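Undergrad: Following our numbering, the numbering of the sequence shown begins with 123 at its first residue and continues without gaps.
Treat the hints with caution; some may be incorrect.
What the hints assert, rightly or not - Taking CB as the label site, the calculated pair distances span:
#, residue 1, residue 2, range
1, E292, A240, 18 to 24 Å
2, E213, E128, 43 to 49 Å
3, E298, E237, 23 to 29 Å
4, S182, V287, 23 to 29 Å
5, G183, P160, 30 to 36 Å
Treat the hints as calculated values from the structure; they're not laboratory data. Model, not experiment: these values are computed from the prediction. Glycine included, C-beta positions come from ideal geometry on N, C-alpha and C.
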Amino acid sequence: MLVFWEQRLAFLATPKTGSTAIAAALESLAALSFQRPPVLKHTTAQRYRRFLGPYFAAASGHDFTVVALMREPRSWLGSWYRYRQRDELTETEKSTRGLSFDAFVRAYVRDPQPEYAAVGSQARFLQPRNGPGVDRLFRYEEIDRLVDFLEDRLDCRITLPRLNVSPEAEMDLTPETAALLRQVAARDYALYDSLG
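Construct all of the structure, not just a fragment, from the sequences and the given hints.
TA: Set out below in structure tokens:
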């Protein structure tokens with residue numbers, strides 16, 4: 123998470139949406155930068171609105187605009203799947219090594235989920251059911267729109283580095299698994315489809 127005090131702007135780092143590259147490009151401009159531990163780096167909209175937003179508003183006398191990125195749900199799961207195939211995760215319960223993407227998605231839609239498929243939901247991260255979510259939400263696939271927005275608000279030129287890129291892998295799903303994912307992740311798809 124990055125907080126730009128003078129610009130009254132907070133950027134929430136949705137996991138697997140390029141947040142490491144954005145932090146690398148903009149951390150020097152931020153008044154606050156939460157990079158570790160992951161629970162702070164990836165502060166949800168609900169936690170921000172409950173804890174940090176009220177404090178920032180009280181300290182500054184202004185509300186902050188909260189922005190974030192969202193990735194197409196199947197692509198987002200693909201990024202998690204590929205990320206968890208890294209060599210350093212081979213011996214852990216979070217590794218997806220040896221699994222097909224189809225098997226990973228089938229595990230994701232199960233209840234309960236196995237550890238390797240328990241990656242959460244972008245909709246829950248960005249738009250909690252019991253309160254406000256982010257103010258401005260951009261598609262990861264159209265990251266240039268976020269960059270334009272940030273360049274305007276921060277009054278600077280932004281070049282994003284390519285960091286924390288997951289290894290390549292096959293991303294095939296059977297039609298049945300794809301349909302099941304759309305059903306189980308309906309809130310995520312609805313939120314993503316609502317972005318213009």
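Undergrad: Now tell me if each hint is right for this structure.
TA: For each hint, the structure was consulted:
{"no.": "1", "hint": "E292 x A240: 18 to 24 Å", "verdict": "holds, 22 Å"}
{"no.": "2", "hint": "E213 x E128: 43 to 49 Å", "verdict": "holds, 46 Å"}
{"no.": "3", "hint": "E298 x E237: 23 to 29 Å", "verdict": "holds, 24 Å"}
{"no.": "4", "hint": "S182 x V287: 23 to 29 Å", "verdict": "violated, 36 Å"}
{"no.": "5", "hint": "G183 x P160: 30 to 36 Å", "verdict": "holds, 31 Å"}
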